[in-house]
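Novice: For chain A, the structure is supplied; the task is to place chain B on it using the hints.
Chains A and B supply the protein sequences, listed in that same order. For the first sequence, the positions run 1 to 237 when our numbering is used. For the second sequence, the positions run 1001 to 1112 when our numbering is used.
Calculated directly from the structure, the hints in this document are not laboratory data. Errors might be hidden in some of the hints.
[To be verified] Cross-link-like lysine to any residue pairs, in silico, SDA-like; alpha carbons within 20 Å at most:
#1 B:K1013 <-> B:G1060
#2 B:K1071 <-> A:E75
#3 B:K1013 <-> B:R1085
#4 B:K1013 <-> B:K1098
#5 B:K1013 <-> B:E1081
#6 B:K1071 <-> A:R72
#7 B:K1066 <-> B:R1055
#8 B:K1066 <-> A:S10
#9 B:K1066 <-> B:S1054
#10 B:K1013 <-> B:E1058
#11 B:K1013 <-> A:S162
#12 B:K1013 <-> B:T1080
#13 B:K1013 <-> A:T77
#14 B:K1071 <-> A:R68
#15 B:K1066 <-> A:Q83
#16 B:K1071 <-> A:S10
#17 B:K1066 <-> A:R72
#18 B:K1098 <-> B:M1088
#19 B:K1098 <-> A:S10
#20 B:K1071 <-> A:T77
#21 B:K1071 <-> A:S71
#22 B:K1098 <-> B:E1017
#23 B:K1013 <-> B:K1066
#24 B:K1098 <-> A:R11
#25 B:K1066 <-> A:R76
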Amino acid sequence: MTAARASAPSRSRLARFTRIYPLLQGYALLPWLLPMVALLLMDTGVVRGGWTLLLFGVSLVLAWLEQRAVSRWYERTYGLVRQQGVKFGSFAFLGMFLVGFWLLPPLLVRYAGVPDGLFSWRGVLHWPWLWVGVTLVGAAFALRPHLSFVAVFGALLATTASLPLGEWLGTSDGRHLFYGFAAGRTLGFALILGYAFSAHGALVRELRVIQGQLGAPAASSTIPNAGIGANEAGDDA
Amino acid sequence: MSQPFQEMARLSKLIHEPARLAIVSALSACQAADFVFLRRLTGLSKGNLSNHLSRLEEGGIVEIRKEFVGKAPRTVVSLTEAGRRSAMAYWEQLERLKREAVRWRPEAVTTP
Chain A
1 MTAARASAPS RSRLARFTRI YPLLQGYALL PWLLPMVALL LMDTGVVRGG
51 WTLLLFGVSL VLAWLEQRAV SRWYERTYGL VRQQGVKFGS FAFLGMFLVG
101 FWLLPPLLVR YAGVPDGLFS WRGVLHWPWL WVGVTLVGAA FALRPHLSFV
151 AVFGALLATT ASLPLGEWLG TSDGRHLFYG FAAGRTLGFA LILGYAFSAH
201 GALVRELRVI QGQLGAPAAS STIPNAGIGA NEAGDDA
Chain B
1001 MSQPFQEMAR LSKLIHEPAR LAIVSALSAC QAADFVFLRR LTGLSKGNLS
1051 NHLSRLEEGG IVEIRKEFVG KAPRTVVSLT EAGRRSAMAY WEQLERLKRE
1101 AVRWRPEAVT TP
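Extracted from the complex, chain A is given alone in its bound form (with noise of 0.2 Å):
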């Protein structure tokens, strides 16, 4: 058989592969801008008044279908995986994030002096980026080699929020630049776009290094008449 032919992938990379995969769906992550969009809109001034409600709203609704008919498009392309119930992962991530945004800020200004300054909405630095940052450097670790953008891109997050960015470039009252609209939706939109296009790259990376460490079959020794799967979406070729 040909696949005897090549190295075999290791367990471990298989194994981790199949447990990231819906990780990997980047795609799926895009509808997300439209309320992105919407924000913009209403920061801009564009929308106003009782429609703001409406559009955010509308434009959640629409990002959710969406998200669901990409993802469905994943299913019919590379496939559905069910993972072994809800993995506690997925809750550390979050509940990480939700530590550091609301838990920690009291604990530091009370048991270590850090000035209550840091955290307030006019503070030199940008604690709820910083915070994005550090869980997305943790989020990547955990998800190594795949996600290597998320890793720079938290990196880069948590470092740009805790330099006094605004005092340096002199805003109006030092504000840390972060805290301006535009600031903020830039580095959401990076974000969403990056994640999309690089954990998208990573799956498809990914599958032909695996298949290349098989040594995926050559048309020579396929058997054509498929049993099992002879209905299934998608063609040889």
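Specialist: For chain B alone, coordinates are given in the frame of chain A:
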């Protein structure tokens, strides 16, 4: 025959084949996966994958179910309990074999 090679001969032939080993490794990390995913993962043709899955099903390693999404059929494959145990036994055996192979030294040939 020396110890590591005797052990090697006892490895499950059903799981040891690279494509089937890839299928079992992937299935061990999830509850179930469909035919399309396994085909994408292994790069096998429909016929070859079908053949490997049939062998694994006959050996009691996997369970194959047909589902319908609307009118479209979907073949879902999962490891059976026996399959999970066989896979674990295979990997433990392989690890043991690797350790023994590292320690193994050819026996001195004694001439009469």
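Novice: Each hint needs a verdict: does it hold in this structure or not?
Specialist: Quick rundown of the hints versus the structure:
1. Simply put, K1013 of chain B and G1060 of chain B have alpha-carbon atoms about 14 Å apart, close enough for the 20 Å limit, and the pair holds.
2. Between K1071 of chain B and E75 of chain A, the direct Cα distance comes to roughly 15 Å. Compliance with the 20 Å bound is thereby established for this hinted pair.
3. Restraint check for K1013 of chain B and R1085 of chain B: satisfied, since their Cα atoms lie roughly 15 Å apart, inside the 20 Å limit.
4. Straight-line distance between C-alpha atoms of K1013 of chain B and K1098 of chain B comes to about 17 Å, which keeps the hinted pair within the 20 Å bound.
5. Taken as a hint, the K1013 of chain B and E1081 of chain B pair is honoured in the structure, with Cα atoms around 19 Å apart against an allowance of 20 Å.
6. A threshold of 20 Å between alpha carbons decides the hint, and for K1071 of chain B with R72 of chain A the separation of about 15 Å falls inside it, so the pair holds.
7. At most 20 Å may separate the alpha-carbon atoms for a hinted pair to count; K1066 of chain B and R1055 of chain B meet this at roughly 17 Å.
8. With a C-alpha separation of about 29 Å, the suggested pair K1066 of chain B and S10 of chain A falls outside the 20 Å cut-off, and the hint is violated.
9. A distance of roughly 14 Å separates the Cα atoms of K1066 of chain B and S1054 of chain B; the hinted pair therefore holds under the 20 Å criterion.
10. At roughly 13 Å between alpha-carbon atoms, K1013 of chain B and E1058 of chain B fall within 20 Å of each other, so this suggested pair holds.
11. Distance restraint check for K1013 of chain B and S162 of chain A: the Cα-Cα separation of roughly 57 Å exceeds the 20 Å cut-off, and the hinted pair is therefore not satisfied.
12. For a cut-off of 20 Å, the pair hint linking K1013 of chain B to T1080 of chain B stands: about 18 Å separates their Cα positions.
13. Restraint check for K1013 of chain B and T77 of chain A: the C-alpha separation of about 32 Å exceeds 20 Å, so the hint is violated.
14. Note on K1071 of chain B and R68 of chain A: the hinted pairing holds, with a Cα-Cα distance of about 19 Å set against a maximum of 20 Å.
15. Between the alpha carbons of K1066 of chain B and Q83 of chain A the distance comes to roughly 18 Å, so the proposed pair stays at or under 20 Å and holds.
16. For a cut-off of 20 Å, the pair hint linking K1071 of chain B to S10 of chain A is broken: about 37 Å separates their Cα positions.
17. Simply put, K1066 of chain B and R72 of chain A have alpha-carbon atoms about 18 Å apart, close enough for the 20 Å limit, and the pair holds.
18. The hinted pair formed by K1098 of chain B and M1088 of chain B meets the criterion: a straight-line CA distance of about 15 Å does not exceed 20 Å.
19. A hinted pair counts as satisfied when its Cα atoms are at most 20 Å apart, and K1098 of chain B with S10 of chain A qualifies at roughly 14 Å.
20. At most 20 Å may separate the alpha-carbon atoms for a hinted pair to count; K1071 of chain B and T77 of chain A meet this at roughly 17 Å.
21. Under the criterion of a C-alpha separation no larger than 20 Å, the hint pairing K1071 of chain B with S71 of chain A is consistent with the structure, at around 18 Å.
22. Between K1098 of chain B and E1017 of chain B, the direct Cα distance comes to roughly 17 Å. Compliance with the 20 Å bound is thereby established for this hinted pair.
23. Of the supplied pair hints, the one linking K1013 of chain B and K1066 of chain B is violated, its CA atoms being roughly 27 Å apart against a limit of 20 Å.
24. For the given pair, K1098 of chain B sits about 15 Å from R11 of chain A by alpha-carbon distance, which is consistent with the 20 Å threshold.
25. Under the criterion of a C-alpha separation no larger than 20 Å, the hint pairing K1066 of chain B with R76 of chain A is consistent with the structure, at around 15 Å.
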